[in-house]
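Be aware that the sequence shown starts at 62, since it is given in my numbering, and climbs by one per residue.
Simulated from the structure, these hints should not be mistaken for lab results. Do not take every clue at face value.
To be verified - Pair by pair, the computed Cβ-Cβ distance ranges are:
{"#": "1", "residue 1": "D140", "residue 2": "P242", "range": "22 to 30 Å"}
{"#": "2", "residue 1": "I237", "residue 2": "N170", "range": "30 to 38 Å"}
{"#": "3", "residue 1": "S261", "residue 2": "T221", "range": "35 to 43 Å"}
As the list claims (entries may be wrong) - Here are the simulated lysine to aspartate or glutamate pairs, EDC-like style, with alpha carbons at most 20 Å apart:
{"#": "4", "residue 1": "K77", "residue 2": "E272"}
{"#": "5", "residue 1": "K153", "residue 2": "D106"}
{"#": "6", "residue 1": "K96", "residue 2": "D135"}
C-beta: ideal position from N, C-alpha, C; glycine also.
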Amino acid sequence: MQMYRANTVVPTPPSKNSITVFGNGSIQVEPELSKVTIGIVTEDDNLTTAQSENAAIQQRVRDSLIRSGIENKDIQTVDYTIYPKYDYIDNKQVFNGYEVTHMLTVQVNNIQQTGSIVDTATQSGANRITSIEFDVINRNVYYQQALQIALQDALQKAITLANTLQINLNQIPTKILEIPPTTNPVPLAKYNVTAVNASSTNIEAGQLIIEAKLEVRFQY
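With the hints as extra help, turn the sequences into a complete structure.
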């Protein structure tokens, strides 16, 4: 007796349409700490002399910052460069010594102390202040709040679109993509050291905005 197996056709489930929206969330907070980038620049015809002078000033600046309450772990070298300098005289390149630059970042955990730290550094020999950035101690806590706002923003946008199009939206997302922040805390402008030395430096921290952005997909 022959047995025949019937071919079973599995029906293809109906395709799901989707809406993709972007959600934005932000939290405005008061900064709790600052990061000051300072530099020591020395010049001399002799490279060893320029380096030695730079090292001596750097140590003096570091010591003065520590005496002001900055911990050693909060002082970090971020750049060290040596450049030969040249002048052009009668279309000829003439050697004019060396320039040595040592850049440091200083984390100031007491934000009210930022101005006095700038003064301390410059009075101890630092001759370049390139930026001051503000931040909070636990940024992730505020970022999580911004993420919640971003998700609610995305959902509200999807609901608005669905109501406009008169479609039945499934409010459970099928995809959530976190979009990394594209910028860091915005630094202040460069400071003129002569002006800094003239009087006490007053630094205004203002407000810090922590942002989150999501790409969210919903089906209908």
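Evaluated hints:
1. Range check, D140 to P242: Cβ separation about 24 Å, and the 22 to 30 Å hint holds.
2. Between I237 and N170 the CB atoms are about 35 Å apart, so this pair conforms to the stated range of 30 to 38 Å.
3. The hint said 35 to 43 Å for the Cβ distance between S261 and T221, and at roughly 52 Å that hint is violated.
4. Note on K77 and E272: the hinted pairing is violated, with a Cα-Cα distance of about 32 Å set against a maximum of 20 Å.
5. Using a Cα cut-off of 20 Å, the hinted pair K153 and D106 holds, with the two alpha carbons roughly 18 Å apart.
6. With a C-alpha separation of about 9 Å, the suggested pairing of K96 with D135 holds against the 20 Å cut-off.
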